[in-house]
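Asker: Model the full structure from these sequences, guided by the hints.
Start counting the sequence shown at 6; every next residue gets the next number (my numbering).
Hints in this document: simulated from the structure, not taken from any laboratory. Every residue gets a Cβ at the ideal spot worked out from N, C-alpha and C, and that includes glycine. Any given hint might turn out to be false.
[To be verified] Computed Cβ-Cβ distance ranges for the label pairs, DEER-style:
id : residue 1 : residue 2 : range
1  : Arg16     : Ala83     : 16 to 24 Å
2  : Phe71     : Asp113    : 17 to 25 Å
3  : Arg35     : Gly114    : 20 to 28 Å
4  : Leu117    : His64     : 18 to 26 Å
5  : Pro74     : Glu47     : 37 to 45 Å
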Amino acid sequence: MIEDFWEATRRRLLVVQRCLACGHRQHYPRLLCTACGGTELEYASVSGLGVVDSFTIVHRAPAPGFEPPYTVARVRLAEGPILLTHLVGGTDWACDLPVRVAWRPLPDGRHLPVFRPARD
6 MIEDFWEATR
16 RRLLVVQRCL
26 ACGHRQHYPR
36 LLCTACGGTE
46 LEYASVSGLG
56 VVDSFTIVHR
66 APAPGFEPPY
76 TVARVRLAEG
86 PILLTHLVGG
96 TDWACDLPVR
106 VAWRPLPDGR
116 HLPVFRPARD
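Answerer: Now the structure itself:
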């Protein structure tokens, strides 16, 4: 199930689950639709556009490999689902700021979806 999400990131394609019964879109991947309880779910691509719902700037690394400061945020996609993600490419963050998806390469060929200001 989650493998399909990560496979899509290899092509820099952002996908969320869509319920075939009611059309509800959700992220993170689950076995059931959170709106109707349906079990027939597929992955659907989304625009990658959204707004910052909430954010925090981390100044102390929780473990080696994290270079502070960095910004962690909830981004509400235009299609509805919320992603917990990193914000990159800016410093004047604010709630309701329009953002768009960007991609951070991972060593195994996948990409991590991160978000940058939409005006960039």
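Asker: If a hint holds in the structure, say so; if it does not, say that too.
Answerer: To see whether the hints hold, each was checked on the structure:
1. Taking the beta carbon of each, Arg16 and Ala83 are about 20 Å apart, inside 16 to 24 Å as hinted.
2. A beta carbon spacing of about 19 Å between Phe71 and Asp113 agrees with the range 17 to 25 Å that was offered as a hint.
3. For the pair Arg35 and Gly114, the beta carbons lie near 25 Å from each other, so the given range of 20 to 28 Å is met.
4. Between Leu117 and His64 the beta carbon distance is about 21 Å. The supplied range of 18 to 26 Å therefore holds.
5. The given range of 37 to 45 Å is respected by Pro74 and Glu47, whose C-beta atoms sit roughly 38 Å from each other.
Every hint, counting from the list given before, is met by this structure.
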